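Asker: Below, each chain spelled out in residue letters.
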Amino acid sequence: MSGGTPPVAPWFARAVLSLVLPPEDRRYALADLEEEFEERVARAGLDQARRWYRTQAVRSVWPAVVGRSARALRGRGRSWGRGVGSGSGPSTGGGWGMIVQTFWSNVAFAVRTLAKAPTTVVITVVSLGMGIGAVTTVFTVADGLLHPPAPGLRNPEELVTIFTSDEDGDAYGTSSYPDYESVLELGALSDAAASAVRLVSMEGADGGEQLIAEVVSGNFFSVTGIRPVVGRAFTAQEGGPGDGAPVAVLGHDLWEDHFASDPGVVGTSIRLNGQPTTVVGVAPEGVVSRRVPVRPDVWLPLGSPADVGRQESLDRREAREYLILGRYAVGAGPGELAAQLQGLGSRLAGAFPDTWVDAPGRARAFTAVSERQSRVNPGARRVLGGVAAFFFAITGLILLIACTNVTSLFLVRAARRRQEIALRLALGAKRRQVVGLLLTEGLILGAPAGGLGIAVTHAMARAMATFALPVNVPIRLDFQPSGRAYAFAFATALVTSLLFSLVPAVRVSGSDLLSGLKARLGGLSGGGRRFAPGSVLVSVQLAACLVLLAGAGLFLRSLQASADLDLGVDPQGVAIMSKNVPDAVGTDGMEAFYRDLEERMAAAAGVEHAALSRGVELTLLQVNSDVSFHAQAADPSGEDPRGYRNAVTPGYFVTMGVELLRGRGIEVTDGAGSTPVAVVNQRAADLLWPGQDPLGRSFDVTPMGSAGDGGGPGTGTRTVQVVGVTATGRYMDVDDPPTPYVWTSLYQEPSRRVAVTLKGASADAMVAVLRDVVPLAAGEVPVLAPSTYDSQLSFLFIHLRLASKVLGWGGVFGLFLALIGVYGLISFSVTERTREIAIRRAVGADAPRVVGAVVRRGATLAGAGLVMGMAVLIPSARLLRGVLIGVSPTDPVALGAGVALLLGAALVASFLPARRAARIDPMTALRQE
Amino acid sequence: MTGKFLAEFELYVMLAVAALGDDAYGAAMRREIEERTGRPVSIGALYATLGRLEDKGLVSTHPAPPEPGKRGRPRKYCRLTPQGEEAARHSTEMLCRMMEGAAWLQTPAGGGG
Numbered sequence: 001m002s003g004g005t006p007p008v009a010p011w012f013a014r015a016v017l018s019l020v021l022p023p024e025d026r027r028y029a030l031a032d033l034e035e036e037f038e039e040r041v042a043r044a045g046l047d048q049a050r051r052w053y054r055t056q057a058v059r060s061v062w063p064a065v066v067g068r069s070a071r072a073l074r075g076r077g078r079s080w081g082r083g084v085g086s087g088s089g090p091s092t093g094g095g096w097g098m099i100v101q102t103f104w105s106n107v108a109f110a111v112r113t114l115a116k117a118p119t120t121v122v123i124t125v126v127s128l129g130m131g132i133g134a135v136t137t138v139f140t141v142a143d144g145l146l147h148p149p150a151p152g153l154r155n156p157e158e159l160v161t162i163f164t165s166d167e168d169g170d171a172y173g174t175s176s177y178p179d180y181e182s183v184l185e186l187g188a189l190s191d192a193a194a195s196a197v198r199l200v201s202m203e204g205a206d207g208g209e210q211l212i213a214e215v216v217s218g219n220f221f222s223v224t225g226i227r228p229v230v231g232r233a234f235t236a237q238e239g240g241p242g243d244g245a246p247v248a249v250l251g252h253d254l255w256e257d258h259f260a261s262d263p264g265v266v267g268t269s270i271r272l273n274g275q276p277t278t279v280v281g282v283a284p285e286g287v288v289s290r291r292v293p294v295r296p297d298v299w300l301p302l303g304s305p306a307d308v309g310r311q312e313s314l315d316r317r318e319a320r321e322y323l324i325l326g327r328y329a330v331g332a333g334p335g336e337l338a339a340q341l342q343g344l345g346s347r348l349a350g351a352f353p354d355t356w357v358d359a360p361g362r363a364r365a366f367t368a369v370s371e372r373q374s375r376v377n378p379g380a381r382r383v384l385g386g387v388a389a390f391f392f393a394i395t396g397l398i399l400l401i402a403c404t405n406v407t408s409l410f411l412v413r414a415a416r417r418r419q420e421i422a423l424r425l426a427l428g429a430k431r432r433q434v435v436g437l438l439l440t441e442g443l444i445l446g447a448p449a450g451g452l453g454i455a456v457t458h459a460m461a462r463a464m465a466t467f468a469l470p471v472n473v474p475i476r477l478d479f480q481p482s483g484r485a486y487a488f489a490f491a492t493a494l495v496t497s498l499l500f501s502l503v504p505a506v507r508v509s510g511s512d513l514l515s516g517l518k519a520r521l522g523g524l525s526g527g528g529r530r531f532a533p534g535s536v537l538v539s540v541q542l543a544a545c546l547v548l549l550a551g552a553g554l555f556l557r558s559l560q561a562s563a564d565l566d567l568g569v570d571p572q573g574v575a576i577m578s579k580n581v582p583d584a585v586g587t588d589g590m591e592a593f594y595r596d597l598e599e600r601m602a603a604a605a606g607v608e609h610a611a612l613s614r615g616v617e618l619t620l621l622q623v624n625s626d627v628s629f630h631a632q633a634a635d636p637s638g639e640d641p642r643g644y645r646n647a648v649t650p651g652y653f654v655t656m657g658v659e660l661l662r663g664r665g666i667e668v669t670d671g672a673g674s675t676p677v678a679v680v681n682q683r684a685a686d687l688l689w690p691g692q693d694p695l696g697r698s699f700d701v702t703p704m705g706s707a708g709d710g711g712g713p714g715t716g717t718r719t720v721q722v723v724g725v726t727a728t729g730r731y732m733d734v735d736d737p738p739t740p741y742v743w744t745s746l747y748q749e750p751s752r753r754v755a756v757t758l759k760g761a762s763a764d765a766m767v768a769v770l771r772d773v774v775p776l777a778a779g780e781v782p783v784l785a786p787s788t789y790d791s792q793l794s795f796l797f798i799h800l801r802l803a804s805k806v807l808g809w810g811g812v813f814g815l816f817l818a819l820i821g822v823y824g825l826i827s828f829s830v831t832e833r834t835r836e837i838a839i840r841r842a843v844g845a846d847a848p849r850v851v852g853a854v855v856r857r858g859a860t861l862a863g864a865g866l867v868m869g870m871a872v873l874i875p876s877a878r879l880l881r882g883v884l885i886g887v888s889p890t891d892p893v894a895l896g897a898g899v900a901l902l903l904g905a906a907l908v909a910s911f912l913p914a915r916r917a918a919r920i921d922p923m924t925a926l927r928q929e
Numbered sequence: 001m002t003g004k005f006l007a008e009f010e011l012y013v014m015l016a017v018a019a020l021g022d023d024a025y026g027a028a029m030r031r032e033i034e035e036r037t038g039r040p041v042s043i044g045a046l047y048a049t050l051g052r053l054e055d056k057g058l059v060s061t062h063p064a065p066p067e068p069g070k071r072g073r074p075r076k077y078c079r080l081t082p083q084g085e086e087a088a089r090h091s092t093e094m095l096c097r098m099m100e101g102a103a104w105l106q107t108p109a110g111g112g113g
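Respectively, the protein sequence lines represent chains L and C.
Residue numbers for the first sequence follow our numbering, beginning at 1 and rising by one.
Residue numbers for the second sequence follow our numbering, beginning at 1 and rising by one.
Here chain C stands alone, though its shape is the one from the complex (with noise of 0.2 Å):
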């Protein structure tokens, strides 16, 4: 027991930063897990939720100035650190070893990533 346990939007967080690699800024994102998860996701809760990851040192961010012309837009980039990698792991597993057994799984529907 010596993992540290994500709450659920956290961890949508980080799978998020995970997916998006270098791409990985605000709208990103945020776009990225409503799509994906169909949830409706605030910016303040997104940016609220990557200051906690950042404080617990599971991300880093990046601010990068805003590329040059006039519709050039400041972006802070977010990348996991060694021991986000290994929380989001650790989540993930903890999460497929609970899910063994669930009756609902045992037909996945469609193949949803």
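Chain L extracted, bound-state conformation (with noise of 0.2 Å):
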């Protein structure tokens, strides 16, 4: 039954079974299970239908492995004896056959070998899991947000997503409806659909529940193709300005998780946003937003009632929403649709001089890019990119500490082993041989380190599908390890086990005869040479731990500075949340229904002020709609002066603790009927009036809400008088430079959603009267609970906190691992010059002297790597100039800190090891040499 294209089974259990498979059952046996593969997917699911292929996989590995084997033995077996019968038998000739022969006896006696050092083996295994675990946790993350699925489309090759350039002149930016409307002519493309990403509430039984809804133009399903699983999609009449159907496309999880999978869901009503609202279908699994990376809960015609005040935002052109995403006409390309969408990018730049300019003046221009490279807004890639490599780098440390540990383990291994190694060479083993059988050891290993790491990725991944956002809205950090997670584990796996059982094979195996067999003779002279790879490694280890815990004290010092940072307003007992105005309340009855609340709010218990607004400043419910001052600025040529703005009640300034410089704040007076007035701040003043007195003076602001976040009425450009002047603070982000910023009175620009904020001698006393006395209509769930303003302040360093957490866990480890390497070194050539000490205790070195020389030798490392570590750490950390705050990137405190912690670990772990040398007791040692 399953339509379009067909579903694909997962790649890398396909791989894995072609690889175990016998040659000549292989095609049968996967289109056997191709075929129940699609069988499974029409019956349960795609995922499900996955799911059970993988476990077809898993199981099959073992027996078809050991059924190989088996019969590889039998079929030489008769062979032999009288030729093979069927051409396409397993034997192809002695060749292969003495391989798998050698590479078998070869496990065999590397797993006896190793059998007999279970602390190498635990010590490798676990470092290397670790290490392997926090890469491909990464790398899971990374894929899941660079590249997510999109599952459903049909012929994803001629879809393409059109952008229009935004405000700061960036590429991708979403586009108006009028903007789609004349996109749908072009003759290139054959149909286009416009999507856009809001928040609704739904009525449950049990109060009410945020979902993440996809707005959608009629033909969204038919242009990408997607088919519900159950009922229908939209028609083209359902979605478009003014007359969207009460209709929606359930997502598939919420299907499941509230509907119980039951298909008799279409047709049954829901209330979204207070709105009836009719299920006609149910989505396909894990369909994703190209608008916002996440899985939609529920699908709306655009214009539908429960899409509440968003349809005027269809007819304006500044209104830029949506993201457009077309199929090309038969035999159009990408040449002819960029040709065409130049042609209009210019016509609507001419005939709408006023909104397709950006905010330095340029003109608008639109950019096609192909479904694949547009699952991701191609903006956001490249920062996601950023911190990607971020994360990689530390996690790739990590990992290279550990096996720098790993390879210093096998280096002492086969040291000790250079005498059986010796031996064989000398009955007549090929170096080959040798090598081989010591790289087999190391792939032994490296194959449970993989298992491990998969098993800490699925941990790690199920860590953060719990980690909860700063707000109510849904969304599900829900990255699930996929093929490629478990392929680059075991590649990763793979690369390192070579890596650290080549260098100890090779030097090994190069070793002639005779000073191998003589090794335990040597100790005198070669002692201090033969271990120069050691000494590097851990030297590198080292380096690696400063980079990580310099790192981290970077951005432990960052969030201290963060602490003393002058933000302009005063958090301390405000308490904050979001409110939409019942759709009851007419645009003209919203002032009143303000000033009731005010009153009712200010009446409670403890309450000293209270206040509503359009935004709060610094948290998500900052108001993204900007002020343009170009045109009014003293000085038009300079830099561009872009501002923000807000509107407020009276009580704001005081509750946020916001300064007044001069004249006043909004006042009770300041309603519908009177002059329209604002507050500016000083950076404002500076730029429109510089040198002169602000007061009085008027300018003129466009109407809020043009950037998405919906509610005001947009009513044209309003002239405002300036009635006071505020110090300049910090708006949108803590390291924004200053920015002009007005405020006007929310009663003479009502907004449907507006901000709660509360202020008494305890925050979280503010938060319970929030809870009590806002009243919530059936069904409202707000975007942001009470809560403190202090906590959601805390959110803008939260980059800072998980980078300082990360980098401090990431180089406690590392230094743990890297003190393992310096002990395990340094121990080991104490051990190895037992003989060397001896004598010189006994021609006269005293017990001081013996520490002395061999805690040397571990300072001599740890300064190697100091010296290392800062050549890699100075360039890096001026990477991060962008991110710390008030610390600079070479910061003495931090750098010290590192460099201090980490010698004086260095000494610790060498100074054990020499106390062992002291005690050698010279006539003792010697004897038993």
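Careful, some of the hints might be misleading.
Taking lysine to any residue pairs in the SDA-like style, the calculated list, with each CA pair at most 20 Å apart, reads [to be verified]:
#: 1; chain 1: C; residue 1: K76; chain 2: L; residue 2: E35
#: 2; chain 1: L; residue 1: K430; chain 2: L; residue 2: F103
#: 3; chain 1: L; residue 1: K805; chain 2: L; residue 2: G896
#: 4; chain 1: C; residue 1: K76; chain 2: L; residue 2: R26
#: 5; chain 1: C; residue 1: K76; chain 2: C; residue 2: A18
#: 6; chain 1: L; residue 1: K805; chain 2: L; residue 2: L793
#: 7; chain 1: C; residue 1: K56; chain 2: C; residue 2: C96
#: 8; chain 1: C; residue 1: K76; chain 2: L; residue 2: R881
#: 9; chain 1: L; residue 1: K805; chain 2: L; residue 2: A388
#: 10; chain 1: L; residue 1: K805; chain 2: L; residue 2: R881
#: 11; chain 1: C; residue 1: K76; chain 2: L; residue 2: V20
#: 12; chain 1: C; residue 1: K76; chain 2: L; residue 2: L30
#: 13; chain 1: L; residue 1: K116; chain 2: L; residue 2: A561
#: 14; chain 1: C; residue 1: K76; chain 2: L; residue 2: Q419
None of these hints come from the bench; they were simulated from the model.
Since we're looking at a predicted model, the values are computed, not measured.
Two chains, two frames, a set of hints: combine them into the complex.
Answerer: Written out as structure tokens, the structure is:
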């Protein structure tokens, strides 16, 4: 029953099967599985079918390998007797058989050898497994973010995303609905769909729930080719300005979680944003929005009654909220489309000179990007790529540290086995065979390490899935390791295990027989130089640790500095929440609604100040609307004086602790009937009227709500009169440059979506007041539940917290591994040099001198590591300049602390073996030798 | 004691071959055994066992090329050889003989095939 493109079996599982199945059965077995897979997709869904396929692959490995080797042995036994009957039989000559046999005997031998060294096995598997797990986790998240699946698309190579350049000139912005309608007429496209993402609340038996809705043009499903698994998709008539139908297609997750996957849900009615909406279908599993990388819970047609307050934005060319996904017309290609888009762009720029320019005054432009390249916004992709690179660097360093440890361990093991290996070589083994044997040992340890890495990745993915976001938004950070992640983990395991076993293998097997057999006697002569690679490895480890530790130090210092930052607000005792004005209240009734709510809050116990506002600076409720002062600034040729704005009620400034420098704030008299007023910050005043008195002056502001956070009825440009000036604070982010900012009166510019702010003695008490006093409509779920302003501000620094935590734990883990490395190396050299030390003691060196000599070795290692680490750290820390707040990337305190920690730890780790060296009794030691 | 004894899973595979007749190919057999016994069967184990049975001369296989059309798939059909039928008969007979006297078999539950 499955139409469209056939579903695809998990490729990694398929690759594993191709590898293990006997060649004569391979194509039949794979075809059998494919047949059942497709049946299962139709019956139980893609996810279930893929799980089944993977289980089949995993369960097949062992019987297939055993059966195949057994058959190979039988086949060969027979073929020697009477030749091979069928041409496609398993025996393809003695060469392959020999290699297989050698491999298996190597495996058997390596397993036996390793069984005698359980500590080596455990240390290797655990440290490599943790390292691989860390890297694979980053890979899984990056892969999930950068390459989201796009199931169900019909002929995806014909699909193309069309962007409009945004306010800053970035090419990958969203488009307005009127622009979408213009794009629809292009000859290079057969059709195009528009989509936007919103939050809607769904009423349930136990209150409301926030859902992510994708609002789409009626042809969305036919353009993409996505077919509902149950019911139907929207029709082209159902979505459009003015007359969107009250229908919805449910997301697969929501259908599973809330409707128990009941196909009978089609035809039932649910209440979305208070509007009765009929369910007409259920989307297939795993469909991700292209607008925001989340799985929508529900799809609504454009103009749907549940998309409250957005209908009028469909007429506004400056309301750029929609993502356009087009399908090429037959025979048309990217070149033709680009030419037509360019033509359309310049036509629009000519026709709408006010809305088709960006902030710096350049004409806007369309950009078309192929479906595959635009699953994630190409602009966001760059940022995500940078973040992913940062985490790859950190986890890569941890893996490097783990790997060097294991290499040292194997070097030591190999050195201990010099005699065994020399003997093998003497008895006629080829060097290649000896290397092969040692490599097999590495590979045998690599496999469980890769498995452990996968387990670690799954655990981390589970932990991340429970990570709570600061807002009531149902975004699932659900990153399941894909086939690619498995392949990545095992490829990493393969490469690392080859690395750590290859160096010792080549070194040891290359040594000549005599020196190998005489190794025991060599203590005096070659002791220092023989383990040079070991010293280099340990120094590299220490260098990597220094990078991690000093990096953590930088972020901690930055976090410390951020606490002293003057944000221009006082979060002490302040609580905030978001609130929607009920639909029953018309635009004219909003002012009365605000005033009534303010009075009720002010009357509540413990409340000192209360206010309503359009948004709250420095939180997720900040208003995205900007003000262009360009034409009005005193010096229009100067830098781009772009500012932001908010609309507030009288109590706002005192509630938030915003300092008024001159004039007055917004007052109760600034109602709908009075002169429109504004309070500006010092920066805005300086730009508009440098050196003059701003009070009493007028300027123009554009309406709020054009940036997609909805609500405010846009009524063209308004002229406002300045009544007050505040100090310049921070508004959008902590590291903003001084930005012009404007507050108008919320009474004069009402908005359906508002923020409620309260100040009292304790912020927690205010949170409780918000919960008790602010009425919620049936099913209403605030985007931001009542919370302290402080807790919201702390999310500004979440990247610092996260980075210092990841680097810190990485550093501690790395340091732990590196100390094992230092200890192991020094300890081993003490053992190897027992004879030398004993002789020195016998000829008069005292204990402190011996200790000093050994510890000096450790200090040398640490010193080399520090130099290397600094050489890497200083240039790479520069890259963090934009991220760190209030701290130089070469902050001496952070770097010094890292150095001290590392040196101290290295000295402790070398002191322990040094003490053992000092206790060597010359006579006993020499007699033993 | 001239007859050969079959391992449990080998016997299942041979009975599935017999039950499916002309339609005995990988996917059908895998499903047949899984559905009847309730025990998960991997495709790898099935083909390994078929290989073993073929080497013992109990089963013969006949590859069939993909049927024409987009979704045609190659299949490998299986049939019991005369020795195979003999071995399966022998094994089931022994099984029946051994079942006599087992207490829980006195009251057969349901009418399962």
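Asker: Now, for every hint given, state plainly whether the structure supports it.
Answerer: Structure-based check of all given hints:
no., hint, result
1, K76(C) - E35(L), "holds, 13 Å"
2, K430(L) - F103(L), "holds, 15 Å"
3, K805(L) - G896(L), "holds, 19 Å"
4, K76(C) - R26(L), "holds, 11 Å"
5, K76(C) - A18(C), "holds, 15 Å"
6, K805(L) - L793(L), "holds, 18 Å"
7, K56(C) - C96(C), "violated, 24 Å"
8, K76(C) - R881(L), "violated, 64 Å"
9, K805(L) - A388(L), "holds, 16 Å"
10, K805(L) - R881(L), "holds, 18 Å"
11, K76(C) - V20(L), "holds, 18 Å"
12, K76(C) - L30(L), "holds, 11 Å"
13, K116(L) - A561(L), "violated, 53 Å"
14, K76(C) - Q419(L), "violated, 54 Å"
The structure is inconsistent with the numbered hints 7, 8, 13 and 14, although it conforms to all the rest.
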